[in-house]
Structure formats: C-alpha cells, structure tokens
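I would like the entire structure built from these sequences, with the hints used as guidance.
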Amino acid sequence: MPREHGADGSAYEETTALVQELDALKQHGSNLLVVGSRMPDAHEAACRQFLGETSAQARRRLFVRADPCGPDPTRLSAGCEDPSRCSVVRYEATSRSVSSDSSSPFPESVPERSVEEGLGSLGLAISEAITEFEATSSGLSAAELRLCFDSLTPLVSEYDPESLFRFLHLLTHRVRSVDGMAHYHLTTERSNRTVALLEPLFDAVIELCLRGDTLYQRWYLRDSGMTTGWLQL
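Numbering-wise, our numbering puts 137 at position 137 of the sequence shown, and it's gapless, one number per residue.
If you're looking for bench data, these hints aren't it; they were derived computationally from the structure. Even for Gly, the Cβ is constructed at its ideal location relative to N, Cα and C. Some clues are possibly wrong.
Below, computed lysine to any residue pairings styled on SDA-like, alpha-carbon distance capped at 20 Å [as the list claims (entries may be wrong)]:
(1) 26 x 49
(2) 26 x 52
(3) 26 x 137
(4) 26 x 227
(5) 26 x 141
(6) 26 x 15
(7) 26 x 16
(8) 26 x 176
(9) 26 x 40
(10) 26 x 177
(11) 26 x 174
(12) 26 x 160
(13) 26 x 226
(14) 26 x 220
(15) 26 x 85
(16) 26 x 169
(17) 26 x 173
(18) 26 x 218
(19) 26 x 58
(20) 26 x 140
(21) 26 x 200
(22) 26 x 139
(23) 26 x 222
(24) 26 x 219
(25) 26 x 156
(26) 26 x 179
(27) 26 x 142
(28) 26 x 50
(29) 26 x 201
Pair ranges (Cβ atoms, derived) [said to hold, decoys possible]:
(30) 191 x 136: 36 to 46 Å
(31) 200 x 24: 34 to 44 Å
(32) 188 x 135: 29 to 39 Å
(33) 169 x 141: 18 to 28 Å
(34) 128 x 169: 11 to 21 Å
(35) 27 x 199: 20 to 30 Å
(36) 142 x 199: 34 to 44 Å
(37) 83 x 15: 10 to 20 Å
(38) 118 x 213: 37 to 47 Å
(39) 165 x 128: 16 to 26 Å
(40) 166 x 16: 35 to 45 Å
So this is what it looks like as structure tokens:
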C-alpha cells in the first residue's frame, strides 16, 4: 500500500532525483516498462506523462495499438492534428475476433499501418514509421520521438518468451538509435515472472497503483539502481 510522504521533504528529494535521472535518459534515448493491474485511468495518466505535453516543444508521436482495452487513444490523440507529427501502427492479434472494431479514433490524415500477424512484420512497420519521422524532420532531436505501445499483454499471450524478448530487444535498440523515448504498457503485477524476464531490456520499470482516488507511481531505474517510494502520478 502506498505510504503518505510526510513533511520531511523525502517526496521532494525523490522527485528531484528522478527528474535528474530522466533528464539523462532523454539525452540518449530510453525505453520504459509500465506495469500494474488493469487500471485504465492510471495507465492513461502515465501515457500522457510520457508522451509529453502538447503545448511543449514539438514531439513526434508514434502509437502502437495492440490492445482494444489499452489506454484510450481518443484522449491521447489531441496532438495529432499535424500528420507529419503523428503516426499509428495497429497490430491485429491472430487470436482476436475478426469482428473486433477496427475503426480508428485518429484523424483521417494520420498515417496508419495495419499488421495482421508476425512480430517481424510488426517490428518492420514500427521501424518504417520512425524512418518517416526521421525523413520529415531532417533528423530527430533527442526525446523528439515519443512512442506509446499501448499493451504488450496480447504479445505475451501469443508468442513464446524468447521470441518476444528478441522482438523487444530490436525495438528498444531502434528507439535508442534516434534518442527517442518509448513506453510500453503491460497489465500485470510487478512481481509477475514476465516482468522479470523483460526488465533487462528497459531503462526503468514503472509500477502503478491506485489508492482511493489517487494514482501513484514507483520507479525502478536499471543503471543507477535507484528505487523511489510511491510518488503521486
């Protein structure tokens, strides 16, 4: 259960240290694994945080949609009016019903690729979308690319752990190659063995928790070994 921070400044100190860590990650690209049971509001709030404010400096946002129950893209696509700054890759799991809704919440002008099956095809589609951003921007600046992978859960169900690990190894490397920032949602508990398997691929694991009406996050940073307490999201 998240603990309340007192007036000793511990929450402020942790937040300051975390901001410094994130500033360093922004300069060289980063991949973040966001875990927690299916809490739409919590995952959506984390998503907005990692995508960056639409009023801030220019971002190029790439949405990978693999789970109809993932973060609601209708609330996340506000910065997609400019098609040169937004792209979508839709993954249709082979185990998913063919009658599932395939409509897009994004503006018609936003480029959208559809991949029916295969991790190789999915990885290629994502890489091509990043390449297009590189071309239209004449080279991406640090942290300009913001990638949201709405859920790894369908891939965990459909593919063996080794295949998924290889796929994510290549994808995380591709993101770092352009100094981008990507986050990947996985609707499971921090203690799940899948998290332990995939964790070495990511710069940090962010655990989400809902207590009453308040959302919390706890960070586990790989390189520094830093683990925060529960911080309000």
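Hints and how they fare:
no.	hint	verdict
1	26 x 49	14 Å, holds
2	26 x 52	12 Å, holds
3	26 x 137	18 Å, holds
4	26 x 227	19 Å, holds
5	26 x 141	10 Å, holds
6	26 x 15	16 Å, holds
7	26 x 16	15 Å, holds
8	26 x 176	10 Å, holds
9	26 x 40	26 Å, violated
10	26 x 177	12 Å, holds
11	26 x 174	15 Å, holds
12	26 x 160	31 Å, violated
13	26 x 226	17 Å, holds
14	26 x 220	17 Å, holds
15	26 x 85	19 Å, holds
16	26 x 169	19 Å, holds
17	26 x 173	15 Å, holds
18	26 x 218	19 Å, holds
19	26 x 58	14 Å, holds
20	26 x 140	13 Å, holds
21	26 x 200	19 Å, holds
22	26 x 139	16 Å, holds
23	26 x 222	15 Å, holds
24	26 x 219	16 Å, holds
25	26 x 156	28 Å, violated
26	26 x 179	7 Å, holds
27	26 x 142	6 Å, holds
28	26 x 50	11 Å, holds
29	26 x 201	17 Å, holds
30	191 x 136: 36 to 46 Å	42 Å, holds
31	200 x 24: 34 to 44 Å	19 Å, violated
32	188 x 135: 29 to 39 Å	37 Å, holds
33	169 x 141: 18 to 28 Å	25 Å, holds
34	128 x 169: 11 to 21 Å	19 Å, holds
35	27 x 199: 20 to 30 Å	22 Å, holds
36	142 x 199: 34 to 44 Å	24 Å, violated
37	83 x 15: 10 to 20 Å	36 Å, violated
38	118 x 213: 37 to 47 Å	41 Å, holds
39	165 x 128: 16 to 26 Å	22 Å, holds
40	166 x 16: 35 to 45 Å	37 Å, holds
Hints 9, 12, 25, 31, 36, 37 from the earlier list are contradicted by this structure; the remaining hints agree with it.
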